[in-house]
Amino acid sequence: MNTDLFDRLGVPERIRVIAGYDLFDDDLRTSLDAIAKRSAGLLEAPISMVSMILDTSQFIIGSYGVSGWVAEAEGTPAEWAMCTHTVLAGEPYCVVDGTQDPRHADNPFLRMTGMRSYLGVPLIGGGHALGAHCVVDARPRIFTDVDRAVLADGAEKVMRLLDAYRLR
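With the first letter of the sequence shown counted as 1, position 161 gets the number 161 in the UniProt record's numbering; the numbers rise by one all the way through.
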């Protein structure tokens, strides 16, 4: 495990905010899946996710098009997750072709899944980037400002929904 990454993601305040949501509620998960499906459709992407980035892992809480071991595990190690970069940047993060991008060319997730392009926007709550709403594709893609706006709209919907599922 990358201890620098753990230190940057494992900020106690940020983890407390994430823990304050009822992320296992079935109705919440169904609604998050619908947001992911909408974003995938609007952006013509085969996969869309809503995920929280914990201290060591990506936890997928809503998705469309996710299959195989990623769906079964409901996530990936934080080191492999493109959404980790979105969270650490605290702003939209884009990868046109991960196989050609030196930041991601050695990423095991890309090799195992065949995914190449990524666009994600952060989920901001309690003053922290908690996770990301993203689309990924198996082909290189140049994403536009309109694409970013679609995901940003989805991220706003996600955060309004999460606020309704705060643990009391």
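For the record, the hints were derived by calculation from the structure and aren't laboratory data. Hints are not guaranteed to be accurate.
To be verified - Pairs of lysine to any residue residues, derived as SDA-like cross-links and limited to a Cα-Cα distance of at most 20 Å, are as follows:
#	residue 1	residue 2
1	Lys37	Leu167
2	Lys157	Gly90
3	Lys37	Val70
4	Lys37	Gly65
5	Lys37	Asp25
6	Lys157	Gly125
7	Lys37	Thr3
8	Lys37	Arg148
9	Lys157	Pro12
10	Lys157	Phe109
11	Lys157	Asp25
12	Lys37	Glu72
13	Lys157	Ile142
14	Lys157	Pro92
15	Lys157	Tyr93
16	Lys37	Ala152
17	Lys157	Leu167
18	Lys157	Val70
19	Lys157	Ala34
20	Lys157	Glu79
21	Lys37	Phe24
22	Lys157	Gly127
23	Lys157	Leu43
24	Lys157	Asp145
25	Lys37	Gly127
26	Lys157	Ser31
27	Lys157	Glu72
28	Lys157	Phe24
29	Lys37	Ala71
Consistency of the hints with the structure:
1. Lys37 with Leu167: Violated: Lys37 and Leu167 sit about 26 Å apart, past 20 Å.
2. Lys157 with Gly90: Roughly 18 Å between the alpha carbons, so the hint for Lys157 and Gly90 holds.
3. Lys37 with Val70: holds, 17 Å
4. Lys37 with Gly65: This hinted pair holds, its Cα atoms lying about 8 Å apart.
5. Lys37 with Asp25: Holds, at roughly 18 Å.
6. Lys157 with Gly125: holds, 12 Å
7. Lys37 with Thr3: violated, 34 Å
8. Lys37 with Arg148: Between Lys37 and Arg148 the Cα gap is close to 16 Å, so the pair holds against 20 Å.
9. Lys157 with Pro12: violated, 25 Å
10. Lys157 with Phe109: violated, 28 Å
11. Lys157 with Asp25: Cα-Cα ~17 Å, so holds.
12. Lys37 with Glu72: Measuring from Cα to Cα gives roughly 18 Å; hence the hint holds.
13. Lys157 with Ile142: violated, 24 Å
14. Lys157 with Pro92: holds, 16 Å
15. Lys157 with Tyr93: Distance of about 19 Å is within 20 Å: holds.
16. Lys37 with Ala152: Distance of about 15 Å is within 20 Å: holds.
17. Lys157 with Leu167: Measuring from Cα to Cα gives roughly 18 Å; hence the hint holds.
18. Lys157 with Val70: Measuring from Cα to Cα gives roughly 24 Å; hence the hint is violated.
19. Lys157 with Ala34: holds, 11 Å
20. Lys157 with Glu79: violated, 27 Å
21. Lys37 with Phe24: With a Cα-Cα distance of about 19 Å, the restraint between Lys37 and Phe24 holds, given a limit of 20 Å.
22. Lys157 with Gly127: holds, 17 Å
23. Lys157 with Leu43: holds, 16 Å
24. Lys157 with Asp145: It holds: about 18 Å lies between the C-alpha atoms, which stays within 20 Å.
25. Lys37 with Gly127: violated, 27 Å
26. Lys157 with Ser31: At roughly 10 Å apart (the allowed maximum being 20 Å), Ser31 and Lys157 satisfy the hint.
27. Lys157 with Glu72: Violated - the C-alpha atoms of Glu72 and Lys157 are around 25 Å apart, more than 20 Å.
28. Lys157 with Phe24: holds, 18 Å
29. Lys37 with Ala71: holds, 15 Å
The structure fails to meet hints 1, 7, 9, 10, 13, 18, 20, 25 and 27 from the earlier list, while all remaining hints are met.
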